[in-house]
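Participant: Residue numbers (UniProt numbering), protein chains in the order written: chain A, 1 to 256; chain B, 1 to 407.
Because the hints were derived from the structure by calculation, they are not lab data. Predicted model, so just to flag it, every value in this text is computed and none were measured. Check the hints yourself; a few may be wrong.
Part of the chain B face toward chain A, derived, beta carbon under 8 Å [as the list claims (entries may be wrong)]:
1. Met-1
2. Asn-2
3. Glu-5
4. Ser-13
5. Ser-16
6. Ile-317
7. Lys-319
8. Gly-322
9. Ala-323
10. Arg-326
11. Pro-400
Note that beta-carbon positions come from the ideal geometry of N, C-alpha and C, so glycine has one too.
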Amino acid sequence: MAQKLESTSVAVVAEDVRRTYFLAEPVDAVDGISLSLADGSFTAVMGPSGSGKSTLLNLIGCLDTSDEGRIEVGGRAVAALSDAERARLRGTAIGFVFQTFDLLSRLTAAENVALPMVFHDSVRENRDQRARTLLERVGLGDRIEHRPSELSGGQRQRVAIARALANDPTLLLADEPTGNLDTETGAEIMDLLVDLNRQGTTILLVTHERTIAEYADHVVHLLDGRIESLEHLGDARDVAVATDDRSPIAEGGDDR
Amino acid sequence: MNLRESLRISWRSIRSHKLRSALTTLGVIIGVAAVITFMVLGTGFSQSIVGDIEADQEPVMTVHTQTVPEDGFGIMPVDTPIYTETDVEVLEQVEGVEFVAPDGSLDLVQTSTDDEQVTGVVDAHATTSDRFEHEPLVEGETFDAEDEAIVNERVSQLFEGNVSAGDELTLAFDDGESATVTVAGVAEAELGEQTPPRVFLPVDPYYTTTVETPDGTEERAYPTLHVRAGSLDDVEPAQESIVDYLENDSHAAELKQDDDEIEVQTVEDAIEQFMDLVDQLTVFIGAVAGIALVVGSIGIANIMIVSVTERIREIGIMKAVGATRRDVMQLFLVESVVLGVIGAAAGVALGLGVGYLGVTFLEWPMAYPLDWIAIAIAMGVGVGVVSGLYPAWRAARVDPIEALRHE
Ligand SMILES: Nc1ncnc2c1ncn2[C@@H]1O[C@H](COP(=O)(O)OP(=O)(O)O)[C@@H](O)[C@H]1O
Ligand SMILES: [Mg+2]
Chain A
1 MAQKLESTSV
11 AVVAEDVRRT
21 YFLAEPVDAV
31 DGISLSLADG
41 SFTAVMGPSG
51 SGKSTLLNLI
61 GCLDTSDEGR
71 IEVGGRAVAA
81 LSDAERARLR
91 GTAIGFVFQT
101 FDLLSRLTAA
111 ENVALPMVFH
121 DSVRENRDQR
131 ARTLLERVGL
141 GDRIEHRPSE
151 LSGGQRQRVA
161 IARALANDPT
171 LLLADEPTGN
181 LDTETGAEIM
191 DLLVDLNRQG
201 TTILLVTHER
211 TIAEYADHVV
221 HLLDGRIESL
231 EHLGDARDVA
241 VATDDRSPIA
251 EGGDDR
Chain B
1 MNLRESLRIS
11 WRSIRSHKLR
21 SALTTLGVII
31 GVAAVITFMV
41 LGTGFSQSIV
51 GDIEADQEPV
61 MTVHTQTVPE
71 DGFGIMPVDT
81 PIYTETDVEV
91 LEQVEGVEFV
101 APDGSLDLVQ
111 TSTDDEQVTG
121 VVDAHATTSD
131 RFEHEPLVEG
141 ETFDAEDEAI
151 VNERVSQLFE
161 GNVSAGDELT
171 LAFDDGESAT
181 VTVAGVAEAE
191 LGEQTPPRVF
201 LPVDPYYTTT
211 VETPDGTEER
221 AYPTLHVRAG
231 SLDDVEPAQE
241 SIVDYLENDS
251 HAAELKQDDD
261 EIEVQTVEDA
271 IEQFMDLVDQ
281 LTVFIGAVAG
291 IALVVGSIGI
301 ANIMIVSVTE
311 RIREIGIMKA
321 VGATRRDVMQ
331 LFLVESVVLG
341 VIGAAAGVAL
351 GLGVGYLGVT
361 FLEWPMAYPL
371 DWIAIAIAMG
381 VGVGVVSGLY
391 PAWRAARVDP
401 IEALRHE
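So here's chain A without its partners, still in its complex pose (with noise of 0.2 Å):
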């Protein structure tokens, strides 16, 4: 039905969200979230602990599922996708960026960054190539042969992040990537999400800092699995969040 007006400029849909975990007793982790991301559009999404974040955006991510409502990326429904295709579009259509950095510690930088492209089954040559212009990119060109252990938190997530860019992908999901970093290496990451965002990479990250969610465009605040309140921190570009449908506020996703 959610017929896209401007389908080129959406990278992101969620409509009426949901994710149910059951342990003990149900936790609806994500109750009911509707949103959409412009392309090129940097959005941050806060809330306590426990509150969804990472859920909302491993669903976004296609690492989980939902049990209800609809979510596209870059103009296709992850739902109707096999399992393989979602591996693929995880490869590379999506980058993802961890709290725990989670680099293999058994390969060196370059063989990090290179592996969405084994997955994606491309040229070795051209991987190593590619792997080496990222670090550079992530200002990593003289750690290309080092192993995770022998680098600095903040130089690990800079590989993480080289490596989420590995096939250009147009979103790139970011779950606490400066949790684990002090201040001001955390600044220097931000700094190099909100670069890869000037060259047109969509962001969505999640943050519980309040100074980190302000190099975002947009903060999403989800408190208990729902939408809490949408802020706009005003940068001139045009770009658009929704909430559900009782209080849509731009004009992207949503036209019921």
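Knowing the structure of chain A, use the given hints to seat chain B with the ligands on it.
Facilitator: Okay, now just chain B with the ligands, sitting in the frame of chain A:
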């Protein structure tokens, strides 16, 4: 993901856990090494024996009795004396037969020269001088008097003074009798080191075992006869006539137990029987190999399952960056196949090494059982696939969310 990439990645993870990988493949290594060692030794052994026998194939046959033990396995020789003097005389008349030399064992207790004594060890056989007619004696000649004997090289070497033709031996028998004989000749030890030290004495007067024949007479009777045909071409027809007589008209046919069988064995038959034995052994080894490989697979599977659990976060990361279930499955499967093949290759190397030491020590020819080496490597791949399937399937099914939440 293509196969070369998974090989590279799997090789990385195997190398980063060297000790564990080595322990994982230990079962396969030992299993394969055992099989290859057995095969090297077995082939070396049969080549040395068959080579010896074939090298100087003689037109000889052995007449003996054997039985298939009740609910037993294989065949057992029977040593009852059923071949009488009459039988021997009749067989000597068979067309193509040159001589029939009876063979009966004597219970020798002690063998002594002037200044040395050996208790046990040496066994004594009573036979006729024909037996040595064609046998190349190392020295001397066959006996032709009742106080003469032939010893084989092993006996000769047993004494420090090296017994040789012309020396005197005093033999003490189990029944208290003793005799002093002159060594007439020294015979070759047919199987080298494997030949027992043996003294040959004339049947007359030393062999005293008699039976009551079906004709009612009392006659000497023997458990074994050695028959020599005039030429190799005479062997087959002579064998037929001998079997025919022994089974139908001989004393032996009446004297033998119902379950016993009279066996007339040519050299060729002996080789064939020996090869049958080797084949049976091969089947047995095959079974041992099967068990070893099952144990080996369990070893690999076990470690792979542990490794899936341990590397769950790694699996989560790979899935997050775009690995499909198939990719993950392939990675783990390739890893276990590589482990299996490494195990098999190491097993082959170890087996050849141990086998080489063995045959060198035993002075047998070295053999390279290429078929078994190929089988071993193929089994390595098979073991890898079988033992990797379940762990790989589990790895493929890992939920990336769970995996990334895992500490
Ligand atoms: N895999 C899971 N299994 C069970 N419960 C989960 C799982 N993931 C998240 N939850 C629960 O869902 C809620 C939201 O979690 P999460 O999205 O991780 O929150 P946040 O990232 O905002 O801290 C929490 O109550 C958490 O306990
Ligand atoms: Mg979280």
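Participant: For each hint, tell me whether it holds in the structure or not.
Facilitator: Structure-based check of each hint:
| no. | hint | result |
| --- | --- | --- |
| 1 | Met-1 | holds, 6 Å |
| 2 | Asn-2 | holds, 6 Å |
| 3 | Glu-5 | holds, 5 Å |
| 4 | Ser-13 | holds, 7 Å |
| 5 | Ser-16 | holds, 5 Å |
| 6 | Ile-317 | holds, 5 Å |
| 7 | Lys-319 | holds, 7 Å |
| 8 | Gly-322 | holds, 2 Å |
| 9 | Ala-323 | holds, 5 Å |
| 10 | Arg-326 | holds, 7 Å |
| 11 | Pro-400 | holds, 5 Å |
Against the hints set out earlier in the document, no violation occurs for any number.
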